[in-house]
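Kindly generate the complete structure, drawing on both the sequences and the hints.
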Amino acid sequence: MSGMASYGRGNTALYQGGSASGSKDPTALAAEIGRNIGEISRNVIQLEKLVKQIGTPQDSEQVRDRVHKITHDTNKLAQDINKDMKTLANLPVPENQQRQMKLQKERLTEEFSDTLNKFQTVQRSAAVKEKESISRARAASSGFSEFRDEPKEQFSQQGYSQTAQIMKMENDVDLESLRERESAIKQLESDIMDVNQIFKDLGMLVHQQGEQLDSIEANVENAVVHVEKGGEELKQAVTYQSKARRKNCCTKKIMYRIEQGRNGAFL
Numbered sequence: 144m145s146g147m148a149s150y151g152r153g154n155t156a157l158y159q160g161g162s163a164s165g166s167k168d169p170t171a172l173a174a175e176i177g178r179n180i181g182e183i184s185r186n187v188i189q190l191e192k193l194v195k196q197i198g199t200p201q202d203s204e205q206v207r208d209r210v211h212k213i214t215h216d217t218n219k220l221a222q223d224i225n226k227d228m229k230t231l232a233n234l235p236v237p238e239n240q241q242r243q244m245k246l247q248k249e250r251l252t253e254e255f256s257d258t259l260n261k262f263q264t265v266q267r268s269a270a271v272k273e274k275e276s277i278s279r280a281r282a283a284s285s286g287f288s289e290f291r292d293e294p295k296e297q298f299s300q301q302g303y304s305q306t307a308q309i310m311k312m313e314n315d316v317d318l319e320s321l322r323e324r325e326s327a328i329k330q331l332e333s334d335i336m337d338v339n340q341i342f343k344d345l346g347m348l349v350h351q352q353g354e355q356l357d358s359i360e361a362n363v364e365n366a367v368v369h370v371e372k373g374g375e376e377l378k379q380a381v382t383y384q385s386k387a388r389r390k391n392c393c394t395k396k397i398m399y400r401i402e403q404g405r406n407g408a409f410l
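The sequence shown begins at 144 in my numbering and counts up one residue at a time.
Do not take every clue at face value.
[As the list claims (entries may be wrong)] As a list, the in silico EDC-like pairs of lysine to aspartate or glutamate whose alpha-carbon atoms are at most 20 Å apart:
#1 Lys219 <-> Glu182
#2 Lys343 <-> Asp227
#3 Lys329 <-> Glu175
#4 Lys229 <-> Glu175
#5 Lys261 <-> Asp337
#6 Lys272 <-> Glu325
#7 Lys329 <-> Glu204
#8 Lys274 <-> Glu325
#9 Lys226 <-> Asp168
#10 Lys167 <-> Glu238
#11 Lys192 <-> Glu204
#12 Lys226 <-> Glu249
#13 Lys219 <-> Glu175
#14 Lys343 <-> Asp257
#15 Lys226 <-> Asp337
#16 Lys272 <-> Glu191
#17 Lys274 <-> Asp202
#18 Lys245 <-> Asp344
#19 Lys245 <-> Asp227
#20 Lys261 <-> Asp223
#21 Lys226 <-> Glu182
#22 Lys219 <-> Glu332
#23 Lys272 <-> Asp202
#24 Lys195 <-> Glu332
#25 Lys245 <-> Asp257
#26 Lys212 <-> Asp344
#27 Lys272 <-> Glu182
#28 Lys219 <-> Glu319
#29 Lys329 <-> Glu319
#30 Lys219 <-> Asp337
#31 Lys274 <-> Glu191
#32 Lys261 <-> Glu182
#33 Lys261 <-> Glu191
#34 Lys343 <-> Glu249
#35 Lys192 <-> Asp202
#36 Lys343 <-> Glu204
#37 Lys212 <-> Glu325
#38 Lys219 <-> Asp257
#39 Lys229 <-> Asp257
Derived from the structure by calculation, the hints contain no laboratory data.
Just so we're clear, the structure is a prediction, and the values are computed from it rather than from any experiment.
So this is what it looks like as structure tokens:
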């Protein structure tokens, strides 16, 4: 079975696709997003173990096929999470649940950006190792071709043992397999760019959240200035202001992680 022939297939599908956004229930959608982020994290752990084997004696076609499948499925899952995050941001939330939902959105955004960073790191590592492995194999193939093109008289002079050795080398080097592996790398690089687009979308989403937080903070500051109903109201307004500033710090932290992922998206 070739590398590309098995790309995206397996006995058990890692990810069946689909999204929970059709429910239009913000609480259920947020829970589904959280579960899917956890699934990406588990996939990243698997990928890290598999990628370490590429280019080592433990490397095999099965290992590379597994890396390609998990990477491709995880990429699709990340795209669905991205769509669900956008949907969640625009869903109406009952007034008595708005504070809790804002905190949940921030937590999900931070977890998603952190998980995407880890996923893209292992994607890049897999692509680099695959390229290095193919380069070594092609160099070896070129060397074997030089031996193969030598005159037949030289083979007869050097004896049967060398001819048998060259034949074994040629059998070990499957040029068609190398071409399929190169095609798989192109797909892997395409997946990396897909994740980069998700980072851009997530950055826009966080920016929108930041604007909302700035508006909240401005309103609270205005309330502090005009408080005339005693110390308790003033104390409550200052508390809200402090929380808004903490949220703003959290937003800046998320933006930093997203920028890291975007800057590292190119091999």
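Discussion item. Lys245 and Asp344 were given as a pair; does the straight-line alpha-carbon distance stay at or below 20 Å?
Written reply: 18 Å, holds
Worksheet item: Does the structure keep Lys195 and Glu332 at a Cα separation of 20 Å or less?
Response: 18 Å, holds
Worksheet item: If you draw a straight line from the CA of Lys219 to the CA of Glu175, is it 20 Å or shorter?
Response: This hinted pair holds, its Cα atoms lying about 15 Å apart.
Worksheet item: Going straight from one Cα to the other, do Lys272 and Glu182 come out at no more than 20 Å?
Response: Distance ~24 Å between Lys272 and Glu182 Cα, so the pair is violated.
Worksheet item: Going straight from one Cα to the other, do Lys226 and Glu249 come out at no more than 20 Å?
Response: 16 Å, holds
Discussion item. Against the 20 Å threshold, does the CA-CA distance of Lys219 and Glu182 hold or violate the hint?
Written reply: Answer holds: Lys219 to Glu182 is near 12 Å, not above 20 Å.
Discussion item. Check whether the Cα positions of Lys329 and Glu319 lie no farther apart than 20 Å.
Written reply: It holds: about 16 Å lies between the C-alpha atoms, which stays within 20 Å.
Worksheet item: Straight-line Cα separation of Lys343 and Asp257 no greater than 20 Å?
Response: Measuring from Cα to Cα gives roughly 14 Å; hence the hint holds.
Worksheet item: When you check the alpha-carbon spacing of Lys219 and Asp337, does it fall within 20 Å?
Response: Answer holds: Lys219 to Asp337 is near 9 Å, not above 20 Å.
Practice prompt. Below or equal to 20 Å on CA atoms is what counts here, so check Lys229 against Asp257.
Written response: 17 Å, holds
Worksheet item: Given the hint that Lys212 pairs with Glu325, does the C-alpha gap stay at or below 20 Å?
Response: 15 Å, holds
Discussion item. For a C-alpha distance cap of 20 Å, please report whether Lys245 and Asp257 respect it.
Written reply: 18 Å, holds
Violated hints for the displayed structure, listed by number in ascending order: 3, 26, 27, 28 and 36.
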